[in-house]
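Quick note, the sequences are listed as chains A and B, same order. According to my numbering, the first sequence holds residues -9 to 287 in order. According to my numbering, the second sequence holds residues -9 to 287 in order.
Treat each hint with caution, since some may be false.
Given that identical chains are not distinguished, each listed pair holds provided it fits within a single copy or across any two copies.
[Said to hold, decoys possible] Straight line, CA to CA, 20 Å or less: simulated SDA-like cross-link-like pairs of lysine to any residue:
| # | residue 1 | residue 2 |
| --- | --- | --- |
| 1 | Lys264 | Arg45 |
| 2 | Lys264 | Phe108 |
| 3 | Lys57 | Val10 |
| 4 | Lys264 | Ile(-7) |
| 5 | Lys57 | Asp12 |
| 6 | Lys57 | Asp83 |
| 7 | Lys264 | Phe133 |
| 8 | Lys57 | Asp221 |
| 9 | Lys264 | Ala112 |
In short, the hints are calculated from the structure, not lab data.
Protein chains: 2
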Amino acid sequence: MEIFQGLSAFPITPADEDGVVDAEGVMGLSARLAAAGVDTIGLLGSTGTYAYLTRTERRRAIQAAMKSVGGTTPLIVGVGALRTDEAQNLARDAQFEGASALLLAPVSYTPLTEDEVFAHYAAVASATSLPLCIYNNPSTTHFTFSPALLGRLAGVANIKAVKMPLPGAMPIASELDVLRAGPAGRLAIGYSGDWGAAEALLAGADAWYSVVAGFLPEISMQMVRAARDADRQEVSRINGLLEPLWGLFRQFGSLRVAYAAVNALGLSQAAPPKPILPLSSADRQRTVEALAHAGLG
Amino acid sequence: MEIFQGLSAFPITPADEDGVVDAEGVMGLSARLAAAGVDTIGLLGSTGTYAYLTRTERRRAIQAAMKSVGGTTPLIVGVGALRTDEAQNLARDAQFEGASALLLAPVSYTPLTEDEVFAHYAAVASATSLPLCIYNNPSTTHFTFSPALLGRLAGVANIKAVKMPLPGAMPIASELDVLRAGPAGRLAIGYSGDWGAAEALLAGADAWYSVVAGFLPEISMQMVRAARDADRQEVSRINGLLEPLWGLFRQFGSLRVAYAAVNALGLSQAAPPKPILPLSSADRQRTVEALAHAGLG
Chain A
-9 MEIFQGLSAF PITPADEDGV VDAEGVMGLS ARLAAAGVDT IGLLGSTGTY AYLTRTERRR
51 AIQAAMKSVG GTTPLIVGVG ALRTDEAQNL ARDAQFEGAS ALLLAPVSYT PLTEDEVFAH
111 YAAVASATSL PLCIYNNPST THFTFSPALL GRLAGVANIK AVKMPLPGAM PIASELDVLR
171 AGPAGRLAIG YSGDWGAAEA LLAGADAWYS VVAGFLPEIS MQMVRAARDA DRQEVSRING
231 LLEPLWGLFR QFGSLRVAYA AVNALGLSQA APPKPILPLS SADRQRTVEA LAHAGLG
Chain B
-9 MEIFQGLSAF PITPADEDGV VDAEGVMGLS ARLAAAGVDT IGLLGSTGTY AYLTRTERRR
51 AIQAAMKSVG GTTPLIVGVG ALRTDEAQNL ARDAQFEGAS ALLLAPVSYT PLTEDEVFAH
111 YAAVASATSL PLCIYNNPST THFTFSPALL GRLAGVANIK AVKMPLPGAM PIASELDVLR
171 AGPAGRLAIG YSGDWGAAEA LLAGADAWYS VVAGFLPEIS MQMVRAARDA DRQEVSRING
231 LLEPLWGLFR QFGSLRVAYA AVNALGLSQA APPKPILPLS SADRQRTVEA LAHAGLG
């Protein structure tokens, strides 16, 4: 699936204290990503705080992004929810508003079994005709997909891709070999975890699901193009420019840093939804320095 | 605080496929618990699927329980939510409808820092005048309270208790000694994890926050009374009757077993909210046998 290839940029979703989405803000951030030529926009991902927004506000965000970049840059829209019926409704909203694809995380409170996750995905995938990407994000959902479950899900109509977390010890190239040799190989396989993106791209991952591209789309596109040219030296050079940001991502979580960066770049003054707090003033300063190291800000 | 002493029974919240609460069902389950003489009802706890119900439906559940047992058995109402403002609104609803106390879990998607959890609790505790119990439930929230954070929270107005998970290796008596010797000792300290209840009660925990008491309140009260009399032999005998249920709780999660038990006892035909699935027919049969072993069903 072409929609699940290349650079997918995941912006924050600016909203006010009450969780009302700033439509103008969404339009501005989206337009900037489209202008930089990202392949897709990952709207309402974890960085887009989908879990903290109501169905009404999530719809408002999609409408704003479509108004800004519809027909130019396809949207992959996060439709995760604790309840299966809610996730189905969010998927229908996304299709109605013009999304090109869905991204679904197994959001949980009560820890879920593999059979429950399978049934949840089958139900949401059947709710629309859009292609769906499995959002494998154990750090937020606390559910880890086994290769066997990914293989089962690859056989479900409309399920076309998986967004993987960085593997623990195994090199990404080895994990890709293992997955592609099995039934999960029918899926397009992309990676999140920006500090592993250079490795993932050079290993031939289908996509980079990127937080940094949500606020630094141009340098992110440069890294993707260098990897396409198999220019390891250039990939490594760009990765070095971004290294201070990776350090902040690992220390504070990429979400909090993304808000600080967007604020520092003057793109939006939005704060994350409480209980999530903005970075301290000292750590915001470190973010400014990391942006300067990347040649921006 | 007397409200955080003794047996707190946590019933399921019967609801239909669309998440609409069955008010008659809530009334029936609540009345049964009150008749058995439980000290409090833990409404809309994890077993009460609070995380899967809208604000409107959570309010409906409180109204139904109050109609059934208001003035007889106090309600401790779960007000957890991902957003701080939503948890504050749920707390205000609970107070308005007549709850006696609040139970607050640090529900998370983005993993939270200690400072974020502290600010969240302070904000919710200040939204009403009700006493609040910290819901320390790492298996669902993936946040573990350090003794230091519990100590900090014990200094916040209205925060009066903590509901602890079973400790890993440490005996409960030792954990209680450690907590009570520090600033967290200002809190009433109770335990969940029913298979450790006998140990917790004999160790002098203030409360047993109990799933099994939500459908077997009488035998649970017997265990609490035996522990009050320091009758270790009787506590152990009752615990033995419940052992097969503990095995099912550990294997399937107590929530799924609670639904199977409530169904088997003819108290409600409700199913858990999807994506959570009912137990298989074979495991429902094992639940029936476990109830028979306890002398019921």
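Check each numbered hint against the structure and report the violated ones by number, ascending.
4, 8
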